Each structure stands twice: as structure tokens, then as C-alpha cells.
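As you go down the protein sequences, you meet chains A and B in turn.
Residue 493 in the numbering used here sits at position 493 of the first sequence, and the numbers go up by one each step.
Residue 60 in the numbering used here sits at position 60 of the second sequence, and the numbers go up by one each step.
Some clues are possibly wrong.
Any copy, or any two copies together, can satisfy a pair, since identical chains are not distinguished.
In the SDA-like style, the derived pairs of lysine to any residue whose C-alpha atoms are separated by at most 20 Å in a straight line are [to be verified]:
(1) 507 with 257
(2) 507 with 546
(3) 342 with 352
(4) 89 with 53
(5) 10 with 60
(6) 10 with 266
(7) 10 with 75
(8) 457 with 521
(9) 19 with 240
(10) 457 with 523
(11) 457 with 483
(12) 175 with 104
(13) 89 with 300
(14) 175 with 107
(15) 584 with 542
(16) 507 with 411
(17) 457 with 519
(18) 457 with 557
(19) 165 with 178
(20) 89 with 462
(21) 457 with 257
(22) 584 with 550
(23) 342 with 53
(24) 457 with 489
(25) 457 with 92
(26) 457 with 525
FYI, nobody ran anything at the bench for these hints, they're computed from the structure.
Everything numeric in this text was worked out from a predicted model, so none of it was measured.
There are 2 protein chains.
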Amino acid sequence: MPENYLERIKWLRTLMRAKGWDAVVVTGSDPHCSEYPAERWKQVEWLSGFTGEAGDLVVTLDHAGLWTDTRYFIQAEQQLAGTGIVLHKTRVPEQVLIPEWLERQFGGEGLLAVDGLCLGADFAQSLPGTVLSVPDLLGRFWTDRPAVPQTPVYTVDPGESRREKIDFLRDFLRKTDCDAILLTALDEIAWTLNVRASDIEYNPLVISYLLITQEDICWYVLKEEVEDPQTKATISILEADGVRTLPYGDIDYLASEFSGRLFVDAATLNFQLYSELVGAGVALEEGTSPVGARKAVKNVKEIAGMREAHLQDGLAMERFLYWLERSVDAGREISEWDAAVKLGQLRADLPGYLGDSFETISAYGPGAALPHYVTPHDYAPVLRDGGLYLCDSGGQYECGTTDITRTVPLGRCSALEREDYTLVLKGHIDLAMAVFPEGTPGCRLDALAREPLWRSKRNFGHGTGHGVGWLLGVHEGPQDIRQNLNPMPLQPGMVVSDEPGIYREGKHGIRHENLLLVVEAGQNDFGRWLAFEPLTLCHFDTDALELPLLDRSETDWLNAYNERVYRTLSPQLPREVAAWLREKTLPV
Amino acid sequence: MPENYLERIKWLRTLMRAKGWDAVVVTGSDPHCSEYPAERWKQVEWLSGFTGEAGDLVVTLDHAGLWTDTRYFIQAEQQLAGTGIVLHKTRVPEQVLIPEWLERQFGGEGLLAVDGLCLGADFAQSLPGTVLSVPDLLGRFWTDRPAVPQTPVYTVDPGESRREKIDFLRDFLRKTDCDAILLTALDEIAWTLNVRASDIEYNPLVISYLLITQEDICWYVLKEEVEDPQTKATISILEADGVRTLPYGDIDYLASEFSGRLFVDAATLNFQLYSELVGAGVALEEGTSPVGARKAVKNVKEIAGMREAHLQDGLAMERFLYWLERSVDAGREISEWDAAVKLGQLRADLPGYLGDSFETISAYGPGAALPHYVTPHDYAPVLRDGGLYLCDSGGQYECGTTDITRTVPLGRCSALEREDYTLVLKGHIDLAMAVFPEGTPGCRLDALAREPLWRSKRNFGHGTGHGVGWLLGVHEGPQDIRQNLNPMPLQPGMVVSDEPGIYREGKHGIRHENLLLVVEAGQNDFGRWLAFEPLTLCHFDTDALELPLLDRSETDWLNAYNERVYRTLSPQLPREVAAWLREKTLPV
Numbered sequence: 001m002p003e004n005y006l007e008r009i010k011w012l013r014t015l016m017r018a019k020g021w022d023a024v025v026v027t028g029s030d031p032h033c034s035e036y037p038a039e040r041w042k043q044v045e046w047l048s049g050f051t052g053e054a055g056d057l058v059v060t061l062d063h064a065g066l067w068t069d070t071r072y073f074i075q076a077e078q079q080l081a082g083t084g085i086v087l088h089k090t091r092v093p094e095q096v097l098i099p100e101w102l103e104r105q106f107g108g109e110g111l112l113a114v115d116g117l118c119l120g121a122d123f124a125q126s127l128p129g130t131v132l133s134v135p136d137l138l139g140r141f142w143t144d145r146p147a148v149p150q151t152p153v154y155t156v157d158p159g160e161s162r163r164e165k166i167d168f169l170r171d172f173l174r175k176t177d178c179d180a181i182l183l184t185a186l187d188e189i190a191w192t193l194n195v196r197a198s199d200i201e202y203n204p205l206v207i208s209y210l211l212i213t214q215e216d217i218c219w220y221v222l223k224e225e226v227e228d229p230q231t232k233a234t235i236s237i238l239e240a241d242g243v244r245t246l247p248y249g250d251i252d253y254l255a256s257e258f259s260g261r262l263f264v265d266a267a268t269l270n271f272q273l274y275s276e277l278v279g280a281g282v283a284l285e286e287g288t289s290p291v292g293a294r295k296a297v298k299n300v301k302e303i304a305g306m307r308e309a310h311l312q313d314g315l316a317m318e319r320f321l322y323w324l325e326r327s328v329d330a331g332r333e334i335s336e337w338d339a340a341v342k343l344g345q346l347r348a349d350l351p352g353y354l355g356d357s358f359e360t361i362s363a364y365g366p367g368a369a370l371p372h373y374v375t376p377h378d379y380a381p382v383l384r385d386g387g388l389y390l391c392d393s394g395g396q397y398e399c400g401t402t403d404i405t406r407t408v409p410l411g412r413c414s415a416l417e418r419e420d421y422t423l424v425l426k427g428h429i430d431l432a433m434a435v436f437p438e439g440t441p442g443c444r445l446d447a448l449a450r451e452p453l454w455r456s457k458r459n460f461g462h463g464t465g466h467g468v469g470w471l472l473g474v475h476e477g478p479q480d481i482r483q484n485l486n487p488m489p490l491q492p493g494m495v496v497s498d499e500p501g502i503y504r505e506g507k508h509g510i511r512h513e514n515l516l517l518v519v520e521a522g523q524n525d526f527g528r529w530l531a532f533e534p535l536t537l538c539h540f541d542t543d544a545l546e547l548p549l550l551d552r553s554e555t556d557w558l559n560a561y562n563e564r565v566y567r568t569l570s571p572q573l574p575r576e577v578a579a580w581l582r583e584k585t586l587p588v
Numbered sequence: 001m002p003e004n005y006l007e008r009i010k011w012l013r014t015l016m017r018a019k020g021w022d023a024v025v026v027t028g029s030d031p032h033c034s035e036y037p038a039e040r041w042k043q044v045e046w047l048s049g050f051t052g053e054a055g056d057l058v059v060t061l062d063h064a065g066l067w068t069d070t071r072y073f074i075q076a077e078q079q080l081a082g083t084g085i086v087l088h089k090t091r092v093p094e095q096v097l098i099p100e101w102l103e104r105q106f107g108g109e110g111l112l113a114v115d116g117l118c119l120g121a122d123f124a125q126s127l128p129g130t131v132l133s134v135p136d137l138l139g140r141f142w143t144d145r146p147a148v149p150q151t152p153v154y155t156v157d158p159g160e161s162r163r164e165k166i167d168f169l170r171d172f173l174r175k176t177d178c179d180a181i182l183l184t185a186l187d188e189i190a191w192t193l194n195v196r197a198s199d200i201e202y203n204p205l206v207i208s209y210l211l212i213t214q215e216d217i218c219w220y221v222l223k224e225e226v227e228d229p230q231t232k233a234t235i236s237i238l239e240a241d242g243v244r245t246l247p248y249g250d251i252d253y254l255a256s257e258f259s260g261r262l263f264v265d266a267a268t269l270n271f272q273l274y275s276e277l278v279g280a281g282v283a284l285e286e287g288t289s290p291v292g293a294r295k296a297v298k299n300v301k302e303i304a305g306m307r308e309a310h311l312q313d314g315l316a317m318e319r320f321l322y323w324l325e326r327s328v329d330a331g332r333e334i335s336e337w338d339a340a341v342k343l344g345q346l347r348a349d350l351p352g353y354l355g356d357s358f359e360t361i362s363a364y365g366p367g368a369a370l371p372h373y374v375t376p377h378d379y380a381p382v383l384r385d386g387g388l389y390l391c392d393s394g395g396q397y398e399c400g401t402t403d404i405t406r407t408v409p410l411g412r413c414s415a416l417e418r419e420d421y422t423l424v425l426k427g428h429i430d431l432a433m434a435v436f437p438e439g440t441p442g443c444r445l446d447a448l449a450r451e452p453l454w455r456s457k458r459n460f461g462h463g464t465g466h467g468v469g470w471l472l473g474v475h476e477g478p479q480d481i482r483q484n485l486n487p488m489p490l491q492p493g494m495v496v497s498d499e500p501g502i503y504r505e506g507k508h509g510i511r512h513e514n515l516l517l518v519v520e521a522g523q524n525d526f527g528r529w530l531a532f533e534p535l536t537l538c539h540f541d542t543d544a545l546e547l548p549l550l551d552r553s554e555t556d557w558l559n560a561y562n563e564r565v566y567r568t569l570s571p572q573l574p575r576e577v578a579a580w581l582r583e584k585t586l587p588v
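Can you make the complete structure from the sequences, with help from the hints?
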């Protein structure tokens, strides 16, 4: 219903004229700069109808534009049709990002209104002109806006106590000569306090702020209305460790009450709070929070948990793929949505399953050409005999987090499908086989996964790998494997995805994804060596392979991996599934 | 003779005590931040005896240290023995660079003396403490210090006139709102004015500064004593294009005479001149000179010239390798030095040869394990039957510049030698075969050349590739292919080397180097594509290969390359050399 969006933009322009604003910048984030915000903060979606996971809007009196990256170009063009909102492409060589675009429009003289709660201080400061923070800007018109979520909070035991973690942060304060650190990123707070909740779909996080000084631990959290015994017990446990619980809204008093030197990470601190702190004269030490790099290196218990989670997840995946193949072979009518539901049910039966780690992408044929396709609930495309089916999914388990993509042939595939399928797998394997010296950042390995595609002038527009949290966000930094020159070295204990792909609009989409654990690989005259160990346990289908495109070492890797999957999973699979998996994992 | 160096350091400390300096920082550079300075500015060598091409010294009252990178560790340890000077390793994970080391010594409070002429403004500003510029600091003791060189200057025609280049710079001034640009890097000046000389060995450069305004072109150049007709003719030609020639020393008046906004590149502007400009209140616009990126993209005529230069150079190389093999087979006693002399003679016979592009590295067996080995004039090791011989060399020709390394077996090789030989070649080939999207910086391709070595936990400590000038420096930026995350994209027309290696102290050293031209490789739905075309024409020896370590695509590349070398060169080679080359280039 583009009418809605036209009306909302129209209302916004009326407000802009009344206030004398030149532009309004609306981002898809929340007061904690989360990648995935709760419904309340899906402002870009409310204003434009665009549901992609990354997108920012700029509205001026004569232009409305959505900035998003390669992953969402096709989706954005479809969803913006009729709204008058223009797509501005990012992560392409000719990109003009929002700050530069605004500079060209207003020459640095513009009066730019933003909801400062939903904008990182870093990003706000990159905007040219006068930036005016108007908290809850859209709330004036968005009358049925959802409330801030409040779900029960529970504790977890990841092998390191919250006392140890707080000691680590207090050490950091001493080293940086600061009196306090304000954690604003939700995954950093959850990690530090060893707490989880379900405030954001798929992300087991608690919407809150955390202030740590040498004497005090203040947790600003919205749990006034939560009467459940679990939350109460959690708060008692935290109190015993010296954590004081304050109302979420009390963060507004921080600026006036705090004195001393405060460490903040401007990448996850919202512009409204940042402005209040600066306005009150608080001495800010800006830098990268030390939690990110520490959290990314999993400890022994977390690693054991991740291995167990992937074993469980692999059982669900293999049962799912068995069911899928049998169903399609039998000619049963199964839609993309049915398949996603089936996989969800299989996961839900597993011990320790808490929920999915993101919304399952279940896509057949051309649908899979959208790298972040959203499977429609109603009238979802039906799976046919022939062509490729892609499924990107993951689970949150008590012992860890999973994220896996498998693309499987449903019967006959075209020569191009087979070639693409094989070259993407070749890239996946080349990265998985990599050995590299310590100190190597992921960006230096990215080309290993791409060169097999590049050689035949094919490519994919998303990153090759992202970090993954332990019972936290399925995307976490600071490490990654992508085009951007991110200098963070890969370190033993880090988890990254390995997910090259290829997407041909109107034809097919392919992605092969495992999670990899960075492991030690010995030391010699040339230094210390690292390598990857696949955590994911689910076979790669060999039916769609063009074998001559694989080198011997790649085929060897594939056979060894599939054999390991079979040996590890088959004892816990129903007999008929195990027998089927035996066939699927025979060496090529 | 370490006594000399001990005495010099002692003298320096006496001066330091008298002046109250905490440290003296001595770099291996000249007033133009050249990578290869003339003899006059080889200060590190004079003070320490270390002759490596990269090294900086810091002397305090109780410590003397030389900072150099992986390439020179073995050489530095040998040359510094007995001097009391300690080696500080750089380009290793645990490196402590000079600024950080000084910070640890003096906590930012030190009084640091430098010869500001021989230190880039960027580097000087990175030093903690008070930096005192003392021009010609060592001259007080270095009584037989060589003069600034003055060699004849000639013009070249690289396909773009100096007027076009000056127009390009004047456009740049308009865009950046500057009144003048001061070029300080010698290769940038030679490129802009289309002039060359031999002021620095192997580098056809003119020691000078160049100031360009919208009205004026001022060339500060030390040619007062040069009476030769060529230099006079050159100056007349330049005058006709509006270039005024001023004495080199007059650059000292620039600070007091110039008014307006001056663009400078602090990476190649010396600290002394920088300080004078700042002291006189000149408005400096600091940035990267636009000449570097423009110069790196060769035009049609330069590319044709580079191809011709490599054809000529290949003829010399093949005659050399033929002579070498025949001589060793015949049991003649040939030293590393004899071999280098022979190659120099063969190059000198070629049309358009102007000189070598750097000092030939001719190294047999363990000598080759020093990546930048200097072949001794006297008592050079003799080549034996068996093992590997490495030769890294290049020529300056009227039509371009070459740089090539070949490692060849002299008879039987050990299993390790063969494995290393093959894996390094595998890396060389994998990079040479790369196809990549436009916008890709070289650092993203570096791992392609390394992964074949990494897989068996081997590596090399130098970069994989450097840019190469057209009848200019054999090392030029801004592009490269190495570990550092240099964001400069590779662009069609750029030239880079492809030179992976492996070095085993006391055993052997291997490097395989071609120069590659970046070329267009078409456009499709996935974007614009680039690839490499090898410029170098000289076969890779197949006798030392462990064929099972190469994939089919790598063997195909090697066979096609060797065949191309044979077909291109054989018509111009003596019959017996052509017949030999036919044998050497048979497919494997």
C-alpha cells in the first residue's frame, strides 16, 4: 500500500516546512545502534515500506531517498515502487553516501533533523550542516507505535563470571585513566553481565545501558513491569554481584549526575545521549569499547558449547534435507514457507533450543537471487522438481548460536546452475582450507573465496564472512572477512562464517555457508600459524557438482568433510535418514 | 672495521652531551625522501656500516639501535656485529617502531635532534618530544662527505608533453583552491618535466624541487657547474615551455618569498623545509601529491615502450641463462660476481640501454637466502654444479624499465629445494592468473601468491609486488601488492611486480619475479573486470619442478607463458640459444 507511505512522507514534509528543516535523516537503528532493532524502532520500514535489514532514509522537501547496499537492491526496487522514494546504492564504486549527498544538496549549510536516539554519535557527526536531535521525531504521527519491549531476563554461564568480566573492565579503566565506562551496545552488556532476554526478535538481548566505575555497577533496564519470578531471581543474582538495577529512563540523568572521565564508544552511543553528555560538560574519552574484541574470542566452554550446538543443529538440518528431498521426489506440494516451518519444527525439538537466530530464508529458484530474500507467509512459491533451493537459517541454543546456508538441487539443474554451484563451493572450500600466519586480518583472506568466481568474471555483492556471537547476535564484530580493509586480525577462538554466493536476477541464487572456528596450526621457523575448523555439520550436496572445476585438494576436502558429517551425525539420526546420508556423503 | 663506527657513535654522543640532546634520529633518506639516496646521504651506512636499502638509526647516550625490516635481518646482524648497535626488527608482529620506542624511553619529554633535511615532515611529526632540526648534523664530523651530485640532464618523450602535465597540475590547484604546488619527490619532478639525469645511481633522476603556480614554473636545480651541451639544451627546451631554472639552494628563500596557499605532500617534504614554511606563516595545504597516482597509470606510448624494453631485456636474460648453464655444465669456475658482470655486459649491448635499474643480486645457495643480498666484488662465492642460483636484476632503457628475478637449478636439487621452488612458482602463477573486479587494491590479492606457501606453513617476509616507473624508479607507488592494507586500487595501465619467494638461512633462497601490466578484462552483469598481462619475457625453468604440486590450470599457464617467451624471443636469438630455449620451454 504505497498510499500509506506517500501520506507519511507528506506529513513529514509538512512538519519540515513548519520547523524550517532542510532534511530529515531516518536510520534503521535503535538507541543502542543495534543492527536488528525491535519493532518500535523500525522507522525506515514505517516510513517507506522497505523491510531490508540495512537502509537509511533521507527526506528533503523535493527528494526522498533510501540508501542501501547490494544485498537489497532488487528488494528495495520492488518495495519502493510507487512511493516516490529513490534508491541510492551503496557498496558500489560510484556510491555517494548520505553525508556527501547532503553536502552536495546544502553545501554544509543544511538544518538536518534526526531522531538522535536512533542515530549513532559517529554517524551524526559525519553529517554536514547543523544536526538537530529531535527524540521520538516520528512518534508525533506514528500513533500505534509499539512500546519498548520488556521480556523476562535470565542468566547464562559461559565459563567466565560477570565478576571476572567486570574486573577486566575495571583494569581497562585504570589503563585508560577513566573513572567509568558506559556500555551502550546491547550484546556487550549481555556479555558483561551474563544475562539474556528476548527483547529483540532472534537476538537474546536486554534493552539497557550499563555504567561501570571502580565502585559501582549501574544497569539501566526497563523491567518495571516484569513480574515474572525469573527476572526477579536474575536481578537478585546480579545484586549479589554488586549490580544495581535502575530504571531504563534514568539514563537521562547521567549527564547531570556524572562527574569524572567517562569512556564511551561513539559507534554505539546514540547522538541524543552523546549530546547531553557533551552539553553537561562530561569529560568523554572516545574509543573502541574493549568488550568487542574480548567477546569475539570464545573461551573453552563457549567453544565446546558451539560444537555441541552445531551437532544438534546438524541433526535438524539433515532431517530437514531428507524430508525435503523425499517430499519433492514424491511430488508433494511444498512451498518455501512450508519448508521454513518444517525446519523450525525440527530445530524446536532439539534439546536447549531457544529460538531461531534470524528469520529463515527459504527460497526456490529466482527468489534465492535476492541474497536476503524474505519468504512470504502467504502465497509463497512452491518448490518444483528441478533447479536449486536455498535455505539460510540458524538457531539459538543454550550452548551456542548457529548460522548455516545450504543450497541443494531439487532434481535436474542447468549447466549454468551446476557451474555456479561448483564455483561457489570451490570458493567456500578454498577459504575453509586456508592456513595463514598469526596477525592476518580477514580482509586479506577474502579473495581466496572469490578468486574461483572472479576467474570466470562472477562475483557476489555481500561480505564473505561475519563474526558470530555465543548465544548473542548472529552477526558480531570486530573481525570479518570482506572487501573492506578491516585490520582486526583473526585470532584463535574467533568464529566467522564462510559464505560465498552468486545471485542471478530472475534465475537462481546460490550460497554455501559454514561457520568456522579459528584454531592454532602450529609454529615453525616462519612463525605461528592459524587455520579454520568447520563448526557446522551438514553435508554439501554433490549431485550438482561439475567435478572438473574442482582441484584434487578441493575434492579431498569435500570428501573428508562429508565423511566427518556422516560419522558424527549418523549415530543420532533415524535409520532411514542415516542411510540416506550415507548415500549423500559418498566420496566423489 | 667496527672501530670506525664505534668512534663515530662516540663522537656523536660527545656532541649530544654538549648540546643536551637525549637522542639523535638518523634516517637513510635524502632531502627528497628518496628510497635510494645518493652517496652524500647514506648517513646510516656511514654511522653504522649497515648497507641495507632500508634502515633508520637512533642513538641515545646509552643505546644505539638500527630499525630495519625482515629483508635485512641477517645482513644487519652480520654488519652490526662488534659495533654495539642493536637490531630492532620491523614488519614483525612484536615490532616497536621508533616513535613508540622513544616514547617509552623519554615519555614524550625527550629533546630529539635530527638532520631535518633528511627526514620526512610526516615522520618527524610522528616523533614524541621536542624535535630539533639540525641541518647537516653529521657533516661536522664527516669531513670527506660526498657533494650533491650533478650529472647531465636530458629530456624524454613519454607520449605526454610537460605542458599537458603542468596543465593537469594547474587544474589540480584550481580544484583544491591552492596558489601553488611544491613537488619534492624526485620521480614526480622528473615525470612532470619529462627530464632525466643520473644524479642517483640506478635512478635516472635530477636532484631538484619544482614549484608550479598558475603563472610560473620554478625549477630549483643544482646544475651551475654542468657545462655540457646536453644540459644547456635541456634547459633551453624547458625555458621554451615556461620553466624557469633557479639554483637548488634558492629553495631556502621560498618560505620568506612565497605568499598564498601552498600544496605540499608531507610524505616527501623534508622536515627542515616544512619547518621553514610553517615558521614563515605560509598557508600549507597538506595532502597526497596528485602526481603519484597519475604517473602510475602508464599511457599507450609508455606501455608500448615497456613491452619493447622487456623484449630486449628478455633477450639478454635468455643469453645469460644459456651462458650460465653451459658454463656450469662445462665445469668453468664462475663466481656470483662474474655472473653479474656477464649479465651487465649482455644488457649493455642492447639498443637503448642506459644502465641497470638497481644493483644486480647474483646469489648462489645460502647467499640467496638474504632477500636483498649484495654480491661481493672480491672473493664472491663460486657457482657449483647442484643447488639453486638466484638472479634479481633490471635495466633502464630509453623505452622503459625492467625488473626480473629468475631462480634456476644448477644441476641436482634437494627435495626441499624442489618443493620450495615449485610452491613459490605456484604462488607467482596464481597471482599472475588473477582476474578481479575494478576497484580492487593490491593488498586484497596478496594472499593469492602466499596461500600455496601458507598451506605448508612457509612464507616470505617481503611484499609480493611493487609498482615500477617508466624510465624512473624501479620501486614506485602508490599501488602495491603486500600485507599492508593500502587502499589504492589497481588500475589498467599500472605496472606491478609479482615476486613471491622463500628464504631458508644457511640453505637456499628462491624468488620468481615478473612484471605484470594491469589490463582490462571486459565487463558483464557483475561489473568491470581487470587482469594481469606479464610484461617480462624469460622462461621459468621446469627442471626443478615437483609437478604434482601444480594444478592443471597452473601447468597450463606455465606452458603457455614459456611458449610465448620462446615464440617472441627465438627469432632474435642466436641459433644455438634459440635451440636451447626450445628445449627449456617444452611443455610439462
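Hint-by-hint comparison with the structure:
In this assembly of identical chains, residue 507 and residue 257 lie within 20 Å of each other by CA distance neither inside one copy nor across copies; the values are 59 Å within and 68 Å between. Taking identical chains as interchangeable, the C-alpha atoms of residue 507 and residue 546 lie at most 20 Å apart only when both belong to the same chain, with a minimum of 19 Å there against 43 Å between chains. Taking the closest pair of Cα atoms, residue 342 and residue 352 come within 20 Å of each other only inside a single copy of the chain (18 Å); across copies the shortest separation is 75 Å, beyond that limit. Proximity of residue 89 and residue 53 under a CA criterion of 20 Å is satisfied intra-copy only: 15 Å inside one chain copy versus 46 Å between copies.
Only within a single protomer do residue 10 and residue 60 lie at most 20 Å apart by alpha-carbon distance; the minimum there is 11 Å, versus 70 Å between protomers. Within a single copy, residue 10 and residue 266 get their C-alpha atoms no closer than 33 Å, and across copies no closer than 51 Å, so neither meets the 20 Å cut-off. Taking the closest pair of Cα atoms, residue 10 and residue 75 never come within 20 Å of each other, the shortest separation being 23 Å inside a single copy and 72 Å across copies. In the homo-oligomer, the alpha carbons of residue 457 and residue 521 lie at most 20 Å apart only across protomers (9 Å), although the nearest pairing inside one protomer, at 33 Å, exceeds that limit.
For the homomeric pair residue 19 and residue 240, neither the shortest alpha-carbon distance inside one copy (50 Å) nor that between copies (62 Å) is at most 20 Å. In this assembly of identical chains, the alpha carbons of residue 457 and residue 523 lie at most 20 Å apart only when taken from different copies (8 Å versus 37 Å within one copy). In this assembly of identical chains, the alpha carbons of residue 457 and residue 483 lie at most 20 Å apart only when taken from the same copy (17 Å versus 25 Å across copies). Proximity of residue 175 to residue 104 under the C-alpha cut-off of 20 Å is restricted to the inter-copy arrangement: shortest distance 16 Å between copies versus 43 Å within a copy.
Proximity of residue 89 to residue 300 under the C-alpha cut-off of 20 Å is found in neither arrangement, the shortest distances being 42 Å within a copy and 34 Å between copies. Taking the shortest Cα distances, residue 175 and residue 107 sit within 20 Å of each other only across copies (16 Å), while inside one copy they are farther apart (42 Å). In this assembly of identical chains, the alpha carbons of residue 584 and residue 542 lie at most 20 Å apart only when taken from the same copy (7 Å versus 41 Å across copies). In the homo-oligomer, the alpha carbons of residue 507 and residue 411 lie at most 20 Å apart inside one protomer (16 Å), although the nearest pairing across protomers, at 56 Å, exceeds that limit.
For a Cα distance limit of 20 Å, the shortest separation of residue 457 from residue 519 across copies, 14 Å, qualifies, whereas the shortest one inside one copy, 32 Å, does not. With identical chains, the CA atoms of residue 457 and residue 557 are at most 20 Å apart between copies only, with a shortest distance of 18 Å across copies and 25 Å within one. Proximity of residue 165 and residue 178 under a CA criterion of 20 Å is satisfied intra-copy only: 17 Å inside one chain copy versus 53 Å between copies. Taking the shortest Cα distances, residue 89 and residue 462 sit within 20 Å of each other inside one copy (13 Å), while across copies they are farther apart (38 Å).
For a Cα distance limit of 20 Å, the shortest separation of residue 457 from residue 257 qualifies neither inside one copy, at 59 Å, nor across copies, at 56 Å. For the identical chains of this complex, residue 584 and residue 550 are intra-copy neighbours only, at 18 Å inside a copy versus 30 Å across copies, given an alpha-carbon limit of 20 Å. For a Cα distance limit of 20 Å, the shortest separation of residue 342 from residue 53 qualifies neither inside one copy, at 24 Å, nor across copies, at 66 Å. For a Cα distance limit of 20 Å, the shortest separation of residue 457 from residue 489 across copies, 18 Å, qualifies, whereas the shortest one inside one copy, 29 Å, does not.
With identical chains, the CA atoms of residue 457 and residue 92 are at most 20 Å apart within one copy only, with a shortest distance of 16 Å there and 36 Å across copies. Taking the shortest Cα distances, residue 457 and residue 525 sit within 20 Å of each other only across copies (9 Å), while inside one copy they are farther apart (38 Å).
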